[in-house]
Amino acid sequence: MNKRKEMVAGYAMIAPAILLYLMVGLVTLLFSIWIAFQHVNAGSLISSAKFAGFDNFKDFLWGGDSVATGMFFSAIKNNLIIAASLIVIVIPLSLVLAVLLQNIRWFAKGFRTIFLIPMVTASVAIFYVWQGIYDPAGALNTTLSAFGLDALVAKNGWLGEINTALPAIIAQTCWGAIPATLILYVAGLQSVDTHLYESADIDGATALQKLLHITWPVLRPITAIAVIMTINGAMQIFDNIWLMTKGGPAGSTQVVNVLVYQDAFASGKLSRANAMGWTVFLVTFLFSLISLKALRSKT
Amino acid sequence: MSNKSLKQITIMAVLIVWSAICLYPLLWMIGASLKNSQEVMQSYSLFPSETWHWGIFVDVWNKLKFFKYFTNSVNVTFFTLIGVNFIYSLGAFAFAKLDFPGKTAIFYGFLAMMFVPGITILIPLYLTEYYLGILNSHLGLILPMVNGAGPFAMFLFRNYFHSIPHEIYESAKLEGSGLFRIWWRIYFPLSLPAVATITIMNFLGSWNTLVLPMVMLTNKDLFTLPLAVMLLDSGVFRQWNVLMAGSLISIAPVILVFFFMQKYYIQGLSSGAIKS
Amino acid sequence: MKKSGTQFKWITIALCFILVFTLAACGEKKAANAGSENTENSEKSENNTENVNPKSDVKLTMWGFKVAFDPGFKAVADEFKKRTDVTVETQIITPDDAYNQKVQAAATVNDLPDLYLYWNGPAAGSFDGTAYEWSQELNANPEWKNSFFPSALAGQTVAQANIDEWQKDEKISQWLKDRKVDEIFGLPIDVGTFYTIYGNAKLLKEAGVPTDAPATVEEWIERMKMVKEKTGKAGFVFSGKTDSVYENWMANFQDYMKNGEESFTKLMNREGNMSDQQHLQQLKFIEDLAKAKLFPDGMVNLDIDQSDQLFARGDAAYSLGGTFTFANFSALGMKSEDVISFRVPAYAGSVKPDVTAVPFGLVQLIVNNKKKHVKEAVDFVKFLTSEEGMVLYANAAFDIPSVNVQDKSKLHPAIESMLSSLSMEDNWWSQNGPIRDKVFTNPEWRKFHELKQKVLLGSLTAEDAAKSFDGTVAKEKANEKK
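Protein chains in written order, with the numbering used here: chain A, 281 to 579; chain B, 21 to 296; chain C, 5 to 486.
Note that these hints are calculated values from the structure, not bench results.
As the structure is a prediction and not an experimental result, all values here were calculated from the model.
Just so you know, even glycine gets a beta-carbon here, dropped at the ideal spot from N, CA and C.
Be a bit skeptical, because a hint or two may be false.
The list that follows gives simulated cross-link-like pairs (lysine-lysine, DSS-like), each with its CA atoms no further than 27 Å apart [what the hints assert, rightly or not]:
| hint | chain 1 | residue 1 | chain 2 | residue 2 |
| --- | --- | --- | --- | --- |
| 1 | A | 330 | C | 234 |
| 2 | C | 479 | A | 338 |
| 3 | C | 63 | A | 435 |
| 4 | C | 375 | B | 240 |
| 5 | A | 435 | C | 297 |
| 6 | A | 330 | C | 172 |
| 7 | B | 83 | B | 240 |
| 8 | A | 330 | C | 479 |
| 9 | A | 435 | C | 288 |
| 10 | C | 295 | A | 526 |
| 11 | C | 485 | A | 435 |
| 12 | A | 330 | C | 288 |
| 13 | C | 374 | A | 338 |
| 14 | B | 240 | A | 283 |
| 15 | C | 63 | A | 338 |
| 16 | A | 526 | C | 297 |
| 17 | A | 330 | C | 442 |
| 18 | C | 63 | B | 240 |
| 19 | C | 471 | A | 526 |
| 20 | C | 485 | A | 357 |
| 21 | A | 490 | B | 24 |
| 22 | A | 435 | C | 234 |
| 23 | C | 78 | A | 338 |
| 24 | A | 526 | C | 442 |
| 25 | B | 240 | C | 85 |
| 26 | C | 288 | C | 85 |
| 27 | A | 285 | B | 123 |
| 28 | C | 184 | C | 479 |
| 29 | B | 88 | C | 85 |
| 30 | C | 288 | C | 149 |
| 31 | C | 471 | A | 357 |
| 32 | C | 184 | C | 63 |
| 33 | C | 175 | A | 338 |
| 34 | C | 374 | A | 330 |
| 35 | C | 479 | B | 240 |
| 36 | C | 184 | C | 379 |
Residues on chain B that point at chain C, a partial pick, calculated with CB under 10 Å [to be verified]:
| hint | residue |
| --- | --- |
| 37 | 28 |
| 38 | 38 |
| 39 | 142 |
| 40 | 143 |
Please model the entire structure based on the sequences and the hints provided.
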């Protein structure tokens, strides 16, 4: 009797979410999957689509279009490089900053507000600002030569050279991504019960013991969230790259979503764009599952 | 004693350096908006060399019809936030505390949606909205944004509910409280830190969102602020000072809200500490 | 006590929110509808006061993507309203990316407006019968048809070459496969051409370089070198970030001049090799200029806008553009006497060094065949492309009209002088759009953009880049045969 009541209540409680999901989410996704298996090109209507089987996937996975295949795999590689760099940079740095914020005695609130600014200013304009910073005559090059580091100056601008463009994009992405992770850690650290620290002090626990037994259990789920958010963010990265480099120079910052956008709206290959999108979805999903498993087992 | 203050000074130094990195682009925007249209293209100095053109803000304010677009943005953002927080807190409670068939499968199916690439589904979403009749309306922005924020909100809420000691749930049940009541009176108030985090994140997302309204809205009267800023960028060439001033105006409310949200955020956190 | 008080407060607040949420969600659409009804009503009453006997209360919507064109359409729409009482309302969506998104999305659900602008091309933007077909209308009125510049109309007309392409492509819709020669799905509203080099006269004089057109590319490069030597400024700038600017605005035309139509066609049809001496100059030019440091630093990451700006502020002696670029320079504050222009120079020993760059249509206006008021929309386009409409449009939009206006004195002097400098006689180049357009459709040219950027940055030699291009062509050709 009770079980049944619980079941009804459970379904009732998830009903609004599921309803919305069915209404705007699922229908859209099914549409998108359907399109991925059809031929729909620019200047044509969806209603005149033709069944394509795996043709669209073949185009960029097995050399059906050799250029697209090459670009797709180098784009995936770049996405993975970005994801790995973000995990290695953003998560530790955010944690360190969050811990420092907790330990500073003056102006902690002020610092926290300032640290969130990159997130607050996240708009199209900020990407133009970064473009200016990376310009051949921009702030970064000027600062470097002012410190006598002329060897490090990127002559064509940081976004204009094949080996500096991706690092420059990653640096900018980290800058924008740190606040969201930082805020998670700040929230996590503050929800750690301070009484536990006090009683641990009485028991004579070391700092490391406190970290492992009190802080980490709270931070672990948060880290899992942060890692998944970061992976997902890196796989879906688009705005900053589209506005700053369009994937160039010479494909050095090419990522999958830029290819998807070019196919869907510039060259009018809507079907291939959807097929590509779903492929990335699978890659991201698998990648996230693996990292989730890894974080879980590392208790 | 001196060891402690040395430590404080080191921390302070690190935080100040990071603050500078965080602030520099914003200062650059302010500086660029105060230059005249010639200087802004020619020099990369942080602030204008001669006159500071404060008048640009007045010009842009008038051109932008700020208040109208502001109201639109508030409208869209507000309802998105309400939707996200209530719908997914309730759902997460069911996933965290109740037992029903298919629970795990539904939950993970729901989470998987987080990885669906937004750009890919733009045209399919347009089709869906067309058939729902919500194209060219604010509802057509709110619903997909709420739905898009769903997986992460659900995930976060469920995690928080798991971290709340199970005894609270048991004792409330023994007292004879209904399940909705337990969620509403105990779990929702206890999860305010999660509410704050989700609110902050989605506030930004929905306030700054550009591509979605660009495709879904045609009627200028419904435009949100970022779209209005794009209208400023539609001349023969890009007027950096105008664009930067417009962006600053559109960002200003976010910064203000953030300033106040911090307080609320800390309150939410302290109420979360009751859990022991 | 206190606890239940806060709970009560919470529930009240939450209930209010939910109530407001539902109300707003439901009310919003109605409010929006009411709003539009109101404006319609007020406009109707306005009409009534203006005209005692309203001939029509039809309202057409038109989408466009160029802010500069809008005054032109408004001027024509005002005049059109005076005569027919049909209102044409224009809506501008910028930038181009956003416009394209919007049109593609709207097309999928037949939600396009009565009239919309689109980039020029046979059946481009026609969306499987959404676009009105003009050939009957045009043939019924030969005078009107002949008033268009032939090259402008030719760029809109379905040719046998297009049909061959579509027949070959399995992925293409049945509607496109069923097209016939001479069909026209949108009328050109303006003409223009690429292949234009602009020079900064001030900078050239400062370096002691003649301000006339150089006879060959080789001579032109020498002039750039002199500028670099004397002033330290870059010789030549174009957008290295936007694909196809160099390819489509300059290199392909030069290749055609150098080798003639047969060799050029072979290259485009995957039968020639980029690494052959006759075509290698397409990449060699980039390599030579990069080695001599004649490009500005960071050119690889410049947009078209940014490239124009760099030239306008005097940081490069020459810039690549089209007839439409000149207006940008004056908007950027350059004096017209400081700007010189000439056709892209030919290489020494070219087969056809004197080909004129015939202007073609740039933008077309399409009538949506699936709307209620097709007749009114067709009438509007007819009026726009009449001599009177074109003069109104051109003068207000500052655009070169697609119709050969007989009374040139009615045109703005600047437009008239631009027009008189263009030759409108058809030639092979203007008639063979489908061959040129392979730059946009064939994947190897997507690869070319990347290779070009590598050569520009010195990480690849022109020869290796050309070999890589040929390798891609070979792969694509193998795919084609399957």
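Evaluation of the provided hints:
For the proposed pair residue 330 of chain A and residue 234 of chain C, the alpha carbon gap of about 61 Å is over 27 Å, so the pair is violated. With a C-alpha separation of about 15 Å, the suggested pairing of residue 479 of chain C with residue 338 of chain A holds against the 27 Å cut-off. Note on residue 63 of chain C and residue 435 of chain A: the hinted pairing is violated, with a Cα-Cα distance of about 56 Å set against a maximum of 27 Å. About 22 Å separates the Cα atoms of residue 375 of chain C and residue 240 of chain B, which keeps this hinted pair within 27 Å; it holds.
Taken as a hint, the residue 435 of chain A and residue 297 of chain C pair is honoured in the structure, with Cα atoms around 12 Å apart against an allowance of 27 Å. Distance restraint check for residue 330 of chain A and residue 172 of chain C: the Cα-Cα separation of roughly 15 Å lies within the 27 Å cut-off, and the hinted pair is therefore satisfied. A C-alpha spacing of about 14 Å is found between residue 83 of chain B and residue 240 of chain B, which places the hinted pair at or below 27 Å, so the restraint holds. A C-alpha spacing of about 26 Å is found between residue 330 of chain A and residue 479 of chain C, which places the hinted pair at or below 27 Å, so the restraint holds.
Using a Cα cut-off of 27 Å, the hinted pair residue 435 of chain A and residue 288 of chain C holds, with the two alpha carbons roughly 22 Å apart. Using a Cα cut-off of 27 Å, the hinted pair residue 295 of chain C and residue 526 of chain A holds, with the two alpha carbons roughly 25 Å apart. Among the hinted pairs, residue 485 of chain C with residue 435 of chain A is inconsistent with the structure: their alpha-carbon atoms are about 45 Å apart, more than 27 Å. Distance restraint check for residue 330 of chain A and residue 288 of chain C: the Cα-Cα separation of roughly 43 Å exceeds the 27 Å cut-off, and the hinted pair is therefore not satisfied.
Simply put, residue 374 of chain C and residue 338 of chain A have alpha-carbon atoms about 36 Å apart, too far for the 27 Å limit, and the pair is violated. Under the criterion of a C-alpha separation no larger than 27 Å, the hint pairing residue 240 of chain B with residue 283 of chain A is inconsistent with the structure, at around 53 Å. Distance check on the hinted pair: residue 63 of chain C and residue 338 of chain A sit about 47 Å apart at the alpha-carbon level, beyond 27 Å; violated. Between residue 526 of chain A and residue 297 of chain C the alpha-carbon distance is near 24 Å, which keeps this suggested pair within the 27 Å criterion.
Among the hinted pairs, residue 330 of chain A with residue 442 of chain C is consistent with the structure: their alpha-carbon atoms are about 24 Å apart, no more than 27 Å. For the suggested pair residue 63 of chain C and residue 240 of chain B, the alpha carbons sit about 18 Å apart, so the restraint of at most 27 Å is met. Straight-line distance between C-alpha atoms of residue 471 of chain C and residue 526 of chain A comes to about 25 Å, which keeps the hinted pair within the 27 Å bound. Proximity of residue 485 of chain C to residue 357 of chain A is assessed by CA-CA distance (about 30 Å); at most 27 Å being required, the pair is judged violated.
Between residue 490 of chain A and residue 24 of chain B the alpha-carbon distance is near 20 Å, which keeps this suggested pair within the 27 Å criterion. A threshold of 27 Å between alpha carbons decides the hint, and for residue 435 of chain A with residue 234 of chain C the separation of about 21 Å falls inside it, so the pair holds. A hinted pair counts as satisfied when its Cα atoms are at most 27 Å apart, and residue 78 of chain C with residue 338 of chain A does not qualify at roughly 48 Å. Distance check on the hinted pair: residue 526 of chain A and residue 442 of chain C sit about 21 Å apart at the alpha-carbon level, within 27 Å; holds.
In summary, the hint linking residue 240 of chain B to residue 85 of chain C is supported, as the alpha carbons are separated by about 23 Å, within the 27 Å threshold. The suggested pairing of residue 288 of chain C with residue 85 of chain C is violated, with an alpha-carbon distance near 56 Å, which exceeds 27 Å. Using a Cα cut-off of 27 Å, the hinted pair residue 285 of chain A and residue 123 of chain B holds, with the two alpha carbons roughly 15 Å apart. For the hint linking residue 184 of chain C to residue 479 of chain C, the alpha-carbon distance of about 32 Å lies beyond 27 Å, and the restraint is violated.
For a cut-off of 27 Å, the pair hint linking residue 88 of chain B to residue 85 of chain C is broken: about 30 Å separates their Cα positions. This hinted pair does not check out: residue 288 of chain C and residue 149 of chain C have alpha carbons roughly 44 Å apart, beyond 27 Å. The suggested pairing of residue 471 of chain C with residue 357 of chain A holds, with an alpha-carbon distance near 25 Å, which does not exceed 27 Å. Between the alpha carbons of residue 184 of chain C and residue 63 of chain C the distance comes to roughly 33 Å, so the proposed pair goes past 27 Å and is violated.
Using a Cα cut-off of 27 Å, the hinted pair residue 175 of chain C and residue 338 of chain A holds, with the two alpha carbons roughly 14 Å apart. As the CA atoms of residue 374 of chain C and residue 330 of chain A are separated by approximately 22 Å, the hinted pair is consistent with the 27 Å bound. In summary, the hint linking residue 479 of chain C to residue 240 of chain B is not supported, as the alpha carbons are separated by about 48 Å, beyond the 27 Å threshold. Our distance criterion of 27 Å between C-alpha atoms is met by residue 184 of chain C and residue 379 of chain C, whose separation comes to about 23 Å.
The restraint placing residue 28 of chain B at the interface with chain C is violated, with a minimum CB-CB distance near 38 Å, outside the 10 Å limit. With a least beta-carbon distance of about 28 Å to chain C, the hint placing residue 38 of chain B at the interface is violated under the 10 Å criterion. The restraint placing residue 142 of chain B at the interface with chain C holds, with a minimum CB-CB distance near 7 Å, inside the 10 Å limit. Contact between residue 143 of chain B and chain C, as hinted, is supported at the beta carbon level, the nearest pair being about 5 Å apart and thus within 10 Å.
Against the hints set out earlier in the document, violations occur for numbers 1, 3, 11, 12, 13, 14, 15, 20, 23, 26, 28, 29, 30, 32, 35, 37 and 38.
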